[in-house]
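**Q** Sequence:
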Amino acid sequence: MTTSSSSPTVDHAPRDPADGRWTPRLVLILIALAWPTQLLAAGGILGANAIAGVAQAFHTTQVVWFGLTLTLVSTLLTPFVIKLGDLYGKRRVMLAMTALGALGELLAALAGSFWLVLAGRAIAGFYGPFGALSFAAVRDVFPARLVKQASGVMGSSVGLVAIVSPFLAGWLIDTWGYRGVLWFLAAATAVAFALIALLVPETPRHAFGSRLDWPGGLVLGGGLTAVVYALGQGQSWGWADARTLGWLGAGAAALIAFLFVERSSAHPILDLKVLRRRPVALALTAGGLGQTVAFTMPGLAILLALYPAIPGVSDGLGWTAHHNAVVSVSWNLVMFGTGMLVSRYLRRFDARRVWCAGLAVMAVGYTLVGFFHGDELQLIVTSCVANVGAGVVVSVAPVLVIGVVSRDEQGLGSGMLNMLISLFGAVVTAGAYAVLGASSTTVDGTAFYLDAGYSGIFWLGAAVTVVALVLSVFIPRLREPEESPAGG
1 MTTSSSSPTV DHAPRDPADG RWTPRLVLIL IALAWPTQLL AAGGILGANA
51 IAGVAQAFHT TQVVWFGLTL TLVSTLLTPF VIKLGDLYGK RRVMLAMTAL
101 GALGELLAAL AGSFWLVLAG RAIAGFYGPF GALSFAAVRD VFPARLVKQA
151 SGVMGSSVGL VAIVSPFLAG WLIDTWGYRG VLWFLAAATA VAFALIALLV
201 PETPRHAFGS RLDWPGGLVL GGGLTAVVYA LGQGQSWGWA DARTLGWLGA
251 GAAALIAFLF VERSSAHPIL DLKVLRRRPV ALALTAGGLG QTVAFTMPGL
301 AILLALYPAI PGVSDGLGWT AHHNAVVSVS WNLVMFGTGM LVSRYLRRFD
351 ARRVWCAGLA VMAVGYTLVG FFHGDELQLI VTSCVANVGA GVVVSVAPVL
401 VIGVVSRDEQ GLGSGMLNML ISLFGAVVTA GAYAVLGASS TTVDGTAFYL
451 DAGYSGIFWL GAAVTVVALV LSVFIPRLRE PEESPAGG
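Its first residue numbered 1, the sequence shown is counted upward by one per residue in the numbering used here.
Simulated from the structure, these hints should not be mistaken for laboratory data.
Ideal Cβ placement from N, Cα and C applies to all residues, glycine included.
Mixed in with the good hints there might be a few duds.
Estimated spans, in silico, between C-beta atoms of each pair [unchecked claim]:
{"#": "1", "residue 1": "Lys-273", "residue 2": "Ser-439", "range": "24 to 32 Å"}
{"#": "2", "residue 1": "Val-473", "residue 2": "His-267", "range": "35 to 43 Å"}
{"#": "3", "residue 1": "Ala-253", "residue 2": "Lys-273", "range": "20 to 28 Å"}
{"#": "4", "residue 1": "Arg-278", "residue 2": "Gly-112", "range": "48 to 56 Å"}
{"#": "5", "residue 1": "Leu-245", "residue 2": "Thr-320", "range": "36 to 44 Å"}
{"#": "6", "residue 1": "Trp-214", "residue 2": "Ala-253", "range": "14 to 22 Å"}
{"#": "7", "residue 1": "Gln-56", "residue 2": "Trp-214", "range": "36 to 44 Å"}
{"#": "8", "residue 1": "Trp-214", "residue 2": "Arg-243", "range": "21 to 29 Å"}
{"#": "9", "residue 1": "Pro-24", "residue 2": "Gly-246", "range": "53 to 61 Å"}
Sequences and hints are given; from them, build the entire structure.
**A** Right under this line is the structure:
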């Protein structure tokens, strides 16, 4: 049963025999979907490493927009991407997104001014919501018995990206500067376009005969974008600043208005009846919170590693970027290995219980990291514990959505999960910097952070994980991909 108001599915994608066996064709399709999905994670790591070079090359104090422009465009477009995938088929939309992504990164790589770099990054932002379609495409293309396993492999492969990307970033920047990163992203996105074009079949259209709800999409995307922007700028503006409060207020007003706009729309961009179902709301919220911690905490930990060790002033570890990359291989391997192992056996176990166990381990792990992070050995041991849980979380989160929505609702579910990860990520990051700022010293205009601040951000991650765990307890039994979704 489905609560979707769309017409029956058409244009069914060809499938391999539904006996649950992997074939070379299915492996290639999984690679074709995983490459561009995890390229988003790699792009975040590479882009973060390129920021210093961009600032120095263009002598700008506005370098925060190098990453923020892409994030804001991606957030604004996500509701439209979800609906367009259902209207015209996910493959067509993914091809358009990857083509624009490659074009944008190419423009940024060739740019001779900072504003042209930002224009390129804005175009590249069209590729940002790719994950909203790729996990939904797995359910459309793969036999039902393999959907959970394929989704788990897609999610857990982020661990492999985390291992390779820091070394790749160092080589690209040391050899070609920040432009090396942009050239690589342009080429890698072009490869993603080719893989999708050659290997991924067209997916069913789940909203045939419907139309695009432009007002609803603009109000929702604009509201989310305003909130993410305010949270991203709040640390530099000040949380009581009129600009911060103004953007937050405008975003909140837009999101409230969206609820009224959608009620009067004949073709809503998001089916609110689906999102109001208790299992869907719980799975999306818990999944978004859990993945936010898994994705956000490692990036914040880089501050601890790279900030200098100055007694009484800065309690960072003072590592080089290369040393941090070498040390972090250990816990990223644990994350990747755990995720792949869980993905292999997901069908044999209750995914909800596996998910809860992963959250519990991740909460314990980040609690330990908060207490013990003073040297390589402490950080390796405690981070490995946290990343056992994180490996479970990133592999099982897509399965939560599969277990509470129908096949026709999968695009909506995956898209909403991506939007919540972006929103929660902005909130957690803002909270982490607030915690760091409360335990900091300023020398010559530069803020340095004390150990209490570093402990606090890891405990914040543990606390958010506990919230996700509490919500997850109330998620009802998850259904198999071939079954009807869980009721409300």
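**Q** Checking each numbered hint in turn, tell me which of them this model violates, lowest number first.
**A** 1
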